[in-house]
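Colleague: Chains as they are written, first to last, in this note's numbering: chain A, 1 to 293; chain B, 1001 to 1331; chain C, 2001 to 2312.
These aren't lab readings, by the way, just hints derived from the structure by calculation.
Don't take every hint at face value.
No more than 25 Å apart at the CA atoms, straight line, and that leaves these computed lysine-lysine pairs for DSS-like [to be verified]: (1) C:2230 - B:1059; (2) C:2126 - A:284; (3) B:1061 - B:1025; (4) B:1127 - C:2230; (5) C:2220 - B:1123; (6) C:2220 - B:1126; (7) B:1016 - C:2126; (8) C:2206 - B:1061; (9) C:2230 - B:1011.
Not everything, but these chain A residues come out facing chain C in the computed CB check (under 7 Å) [as the list claims (entries may be wrong)]: (10) 142; (11) 150; (12) 151; (13) 152; (14) 211; (15) 227; (16) 230; (17) 234; (18) 235; (19) 250; (20) 261; (21) 264.
Using N, Cα and C, we set each Cβ at its ideal position, and we do this for glycine too.
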Amino acid sequence: MVKLETSSGNLEVQSTQPLQKVKARRKFKISLSNVLIGLTMVIFATVLCAPLITSYNPNENDLTSVLQAPSAAHLMGTDHLGRDIFTRVLFGGQKSLLIALLVQGIAVSVGALLGLIAGYIGGRTDKFIMALTNIIFSFPGILFAIAIMAALGTSVFNLILALSLVSWPEMCRLVRSQTMALKEREFVEGGYALGASVYRILFKYILPNCYGNIVVIATLGMAGTMLAEASLSFLGLGVQPPDASWGSMVNTGKDYLYQAPWYVFSPGIVMFITILGINLMGDKLRDYFDPKM
Amino acid sequence: MSKLLEICDLKVGFTKNDEFTPVIKGINFSLNKGENLGIVGESGCGKSMTSLAIMGLLKHKGLTVSEGQIKWNGRNLIDQSEKEQKSMLGNEVAMIFQEPMTALNPMLTVGTQIVEQIRAHRKVSKKEAEAHAIQMLKKVGIPSPESRMNVYPHEMSGGMRQRVMIAMAISCEPELLIADEPTTALDVTIQAQILDLLSNLVSETNRSMILITHDLGVVANYCQRVMVMYSGKVMEESPTNELFDKPLHPYTKGLIESVKSIEENSERIASIPGMVPLPGEVIAGCVFCERCPYATDICSQQEPPIETTDDGRRVSCWNYKNLSEVVGAYE
Amino acid sequence: MIQYTLKRLLETIPIWVAITLIVFLLMNFIPGDPVMQLMDARSGAIDEQVVEQIREEWGLNDPLYMQYLNFLTNLVQGDLGTSFQSRMEVTSVLLERIPVTIQVTLLGLFFAIVIGVTAGIISAMKRGNWLDTFVSTFSIAGVSLPAFFLGLLLMYIFSVKLNWLPASGYKLGEVKFLILPAITLGLSVSGIIARITRSSMIDVLKMDYMVTSYAKGLSKYRILGIHAMKNALSPILTIIGVQLGLLLSGAVITETIFGLPGIGRLLIDGILQRDIPVVQGCVIFISTVFLVVNLLTDICCRLVDPRIRSEH
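Bound-form chain A, shown alone (with noise of 0.2 Å):
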């Protein structure tokens, strides 16, 4: 009879909680987070669109206003050598939201590939796969792409590459830690019995069951590497002028700060604004794929 009521009380839960999600689905509030998500898509849009939103080279000096103050003309001011600050946040968002994008798949895929490898064989493979991450956690925070940057020399494909050094263990982990789990249950041994394949096992019946969690870390692994990328630009490591990054727009009108603090802080804020955004869809997904959270 226990057992009878345990079931029960099992039944009970499973039957409620597509019902709230739904619930929860059709109930769009109003909140900040919402707000500065819909900001973010927004940020998105602009950038992605930026040719047809603004007219100005963002490359192209113009001593003739140098630092002026945000006006109708230069929505966010101007920097040091007259360029339209509004412009090079639009390209410079361009440059990192593409970064962040090449990184994030190249973390997807080798990470979600070594983890279901490592997972599945175990042993061995899984041990030489486990101290790689290991290692390269062992490096605190961003050191390792800094690293990585002053030995190969910078040069955005060598930041993707070290960004992607840095992003693809956490999901490795993941990955593996779930196949680990789901390769100990019904179906996929249900999948042996039926004959499947190795590889039909891993990619149909493993991995499908992983995508609510990868789409979580990747979104905000992708926070997390734009704010690196940004940090490395920042110290002169990543993106190279004249080009434009967030980042290394914060670097050069750092020396402004007096004069024209709108140099620093129109890229700044808008940086803050798309990353906590990300990390905010992040959250708000993490909470759909695993409520208990």
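We have chain A; now place chains B and C onto it with these hints.
Modeller: Relative to the frame of chain A, chains B and C by itself:
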């Protein structure tokens, strides 16, 4: 005899998604000084919630009192201040929980946990409190209590841990002890020891006790009065002997039958068919109706009132007077 | 416990060796011949013979693995080589810079713990309340705000506008130069600490022994400060250990902004001047500290839990 505790029309429940779900649906009972009351029922009937309500600890389980009064020596506990509550808990009323492993803090020594309670209510030095704690440990039958003071809960056996819980509970000489299934988590061999200890400690000092259990056998031995609860309601309340001699409520009857059939080793164990309704389930009429072998038409339509019989027992059943006519309904 | 410590130590050593290997290999990637660069920096004239002599002297003609083994043996003895630029021992340069970084980091850690743990506890206590929402928003904002921008923001407010604190510079023993960098570091990691504290506290507050502690009529301070905190401590300690690493690498950024002569600045200057031994030394030093701190927090986490402590 004066009333130590009076519960009037208590309703408890939780709110989720702006919807209130009742768990205790209006109960009344009282407790006299020096009396042992047993509260019996299946799991989920609201007996533990009742004890938490008395202690004012419902909010820590996400529950609230929606209606009713809890009177302690004539004072209503529902709207007392936090300060008043703090000085009452552990001092005038103390509680012993079901699972001594989880109820004791794993990070603190046994001694610390007893001493802190003493010092929360008595203005004594640390040394005096420690001496008192050792005395308490001795009283509950823990060998070499001095050395046990520095031991962590995980280093003790389940029975010893429950003794520590008891020592802690009696350390400030409370008027009322609430024991919530104090032996459920323990080995059968130790259960009787713990219960004997509890009842000795209580009778010795003319304290009162509320013993919450699902085991009618325990109640028979240790309580003067029994209240049977089902689905957040009181089904029956009687002096223990009378309850066992002549149960009035079909549910009580079912519980007693099932205990008897186990004790007599009969081939078929009598059981009550069906399950306790889930919280939130709306039941028209009597809450026990669906599982009741004696149910008549009125039972599923109208809720029975709680009636007081001529000999002072209370029962909530439409048909309690006709029960004896249907024999062996549970066999 | 001692066994555990030894086991963790043995696990850490190969990781440390791997780190030194990776750093060593990375530095070998750096384009350009270090000797040529050195010559460039010195005079302008390059004497082939002298170059060859120096190469031999520095062991640059040895096979790579020999070079690494030499490097590792020297490293274990505390010798990190000589700076290409200043011709000074890297170890002594590091030792000179370490106090600044440690001061900023520890002060930053202090702010991070005070802000993070307090916010986390409040938010766990007032779960669902506006304060909780505020703390959650604050912590996610903390994670999203780049430290360099936060630093400039603080500098703008407190140095440029209010003129309360110096914008940059450093003088031994003067705390005012350290406050802004430390707050920058502290704020940037306090969000994560608040988050972990909150979830750890929420887990603990659900436990049976918390109900017991209320049932005993203890004071709020005792219930939260002793009963809850002792149990919630492990995950908080762990995250603080991890964050210390972030603080150290964050020092690279804050020291750049606020012009502090610490290890972070040394690293960036080293990179810009292609001073390989200095870069190598800084990276290895920061990683080693991080590794040791994590080892120590792991051991501390075990020490605070009597259940694990008494295991043999």
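Colleague: If a hint holds in the structure, say so; if it doesn't, say that too.
Modeller: Evaluated hints:
A distance of roughly 22 Å separates the Cα atoms of residue 2230 of chain C and residue 1059 of chain B; the hinted pair therefore holds under the 25 Å criterion. In summary, the hint linking residue 2126 of chain C to residue 284 of chain A is supported, as the alpha carbons are separated by about 21 Å, within the 25 Å threshold. A C-alpha spacing of about 17 Å is found between residue 1061 of chain B and residue 1025 of chain B, which places the hinted pair at or below 25 Å, so the restraint holds. As the CA atoms of residue 1127 of chain B and residue 2230 of chain C are separated by approximately 24 Å, the hinted pair is consistent with the 25 Å bound.
Taking the CA atoms of residue 2220 of chain C and residue 1123 of chain B, the gap is about 18 Å. The hint holds against a cut of 25 Å. A hinted pair counts as satisfied when its Cα atoms are at most 25 Å apart, and residue 2220 of chain C with residue 1126 of chain B qualifies at roughly 19 Å. A C-alpha spacing of about 17 Å is found between residue 1016 of chain B and residue 2126 of chain C, which places the hinted pair at or below 25 Å, so the restraint holds. Restraint check: the Cα-Cα separation between residue 2206 of chain C and residue 1061 of chain B comes to about 8 Å, which is no more than 25 Å; the hinted pair holds.
The straight-line distance between the Cα atoms of residue 2230 of chain C and residue 1011 of chain B is roughly 35 Å, outside the 25 Å bound, and the hint therefore fails. A least Cβ separation of about 6 Å between residue 142 of chain A and chain C falls short of the 7 Å threshold, and the interface hint therefore holds. Because the beta carbon of residue 150 of chain A sits about 4 Å from the nearest beta carbon in chain C, less than 7 Å, this interface hint is met. Taken as an interface hint, residue 151 of chain A checks out: its beta carbon lies about 4 Å from the nearest beta carbon of chain C, inside 7 Å.
With a cut of 7 Å, the hint placing residue 152 of chain A at the interface with chain C holds, because the nearest CB-to-CB distance is about 6 Å. Among the interface hints, the one on residue 211 of chain A is violated; its C-beta lies about 24 Å from the nearest C-beta in chain C, farther than the 7 Å criterion. Below 7 Å, beta-carbon pairs count as interface contacts, and residue 227 of chain A has one with chain C at about 5 Å; its hint therefore holds. Interface restraint check: residue 230 of chain A against chain C, minimum CB-CB distance 5 Å, threshold 7 Å, status holds.
For residue 234 of chain A, the interface hint holds, since its Cβ comes within 7 Å of a Cβ in chain C; the closest pair sits about 5 Å apart. The beta carbon of residue 235 of chain A comes within 6 Å of a beta carbon in chain C, closer than 7 Å, and the hint placing it at the interface holds. Because the smallest distance between the Cβ of residue 250 of chain A and any Cβ of chain C comes to about 6 Å, under 7 Å, the interface hint for this residue holds. Interface restraint check: residue 261 of chain A against chain C, minimum CB-CB distance 6 Å, threshold 7 Å, status holds.
Below 7 Å, beta-carbon pairs count as interface contacts, and residue 264 of chain A has one with chain C at about 5 Å; its hint therefore holds.
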